[in-house]
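Use the sequences and the hints to build the structure in full.
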Amino acid sequence: MVRKNKAENQYNERMTKKREMEEQLRVMDQTDWSGIMMICIHGQAENRIYGTIVNRCLNSPLPFCGLDQLILKIDEVCELAGKPMLSMYPRFLQAEMREQYAELSKQGKKNGQKKQEGWQEMSDIIKRQAAVTKEVMEIQILFRGNATMQGRLRCQLSSKKYVSFRSALELFRMLKEVEVRFCENSRLQEADSGFTDVKRKEEKRGKAI
Numbered sequence: 410m411v412r413k414n415k416a417e418n419q420y421n422e423r424m425t426k427k428r429e430m431e432e433q434l435r436v437m438d439q440t441d442w443s444g445i446m447m448i449c450i451h452g453q454a455e456n457r458i459y460g461t462i463v464n465r466c467l468n469s470p471l472p473f474c475g476l477d478q479l480i481l482k483i484d485e486v487c488e489l490a491g492k493p494m495l496s497m498y499p500r501f502l503q504a505e506m507r508e509q510y511a512e513l514s515k516q517g518k519k520n521g522q523k524k525q526e527g528w529q530e531m532s533d534i535i536k537r538q539a540a541v542t543k544e545v546m547e548i549q550i551l552f553r554g555n556a557t558m559q560g561r562l563r564c565q566l567s568s569k570k571y572v573s574f575r576s577a578l579e580l581f582r583m584l585k586e587v588e589v590r591f592c593e594n595s596r597l598q599e600a601d602s603g604f605t606d607v608k609r610k611e612e613k614r615g616k617a618i
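No gaps in the numbering here: position 150 of the sequence shown is 559 in this note's numbering, and each next residue is one more.
Some clues are possibly wrong.
For lysine-lysine, the following DSSO-like pairs were computed, each having C-alpha atoms within a straight-line distance of at most 30 Å [unchecked claim]:
1) Lys543 <-> Lys569
2) Lys543 <-> Lys515
3) Lys482 <-> Lys585
4) Lys492 <-> Lys585
5) Lys482 <-> Lys536
6) Lys492 <-> Lys515
7) Lys569 <-> Lys482
8) Lys536 <-> Lys492
9) Lys569 <-> Lys515
10) Lys492 <-> Lys569
11) Lys570 <-> Lys536
12) Lys543 <-> Lys570
13) Lys543 <-> Lys492
14) Lys482 <-> Lys492
15) Lys569 <-> Lys536
16) Lys482 <-> Lys543
17) Lys482 <-> Lys570
18) Lys570 <-> Lys515
19) Lys536 <-> Lys585
20) Lys570 <-> Lys585
21) Lys569 <-> Lys585
Taking CB as the label site, the calculated pair distances span [as the list claims (entries may be wrong)]:
22) Arg575 <-> Ser602: 19 to 25 Å
23) Arg507 <-> Asn468: 46 to 52 Å
24) Thr425 <-> Asn555: 18 to 24 Å
25) Arg596 <-> Met497: 37 to 43 Å
Just so you know, the hints here were simulated from the structure itself, not pulled from any lab data. We put the CB at the ideal spot given by N, CA and C, even for glycine.
In structure tokens, the structure reads:
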């Protein structure tokens, strides 16, 4: 009975997650805007979330590990897409890093960053991601002013409502809340799973006796 209920709960979670991702896909389908990022969280390691970024300007999901890498890669996707435009160019400590960043916009212009030929491709990506994604967030980048970024975010923690951020620092704080809650839930699930496994072994041992 316990195993059956657990299987049903897992199935319901997968279906809910799939519906959420399909909803995100419809949002992305209704606009040519490249600043919409679907963040697929696959798990956590050492209290850092990891997963992929799905965006219509990317041919395949972009992996990330940690909030710092997530925010930097979101900015790089925007630069690759060419929008939202920067109001001022970012500063770097090394010329090499500055040149690498400049190459992103050149690469975007060279490729034309055309819309995916068919939304079936995006749908296929979503289906593959749904199988390994534990939580989904939507981040919309509206502007990139004052050497930072402005936009809005929605996730389970915001009750699916959009919450605006005025800088990358504010976005980082919000994402940190998501990360802390996700890691806590993961630890609780692992502990519960371990308890269930121990209980199952004890039941088997009892039957054997």
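Looking at the structure, which of the earlier hints fail to hold? The structure conflicts with hints 2, 9, 18, 22, 23, 24, although it agrees with all the remaining ones.
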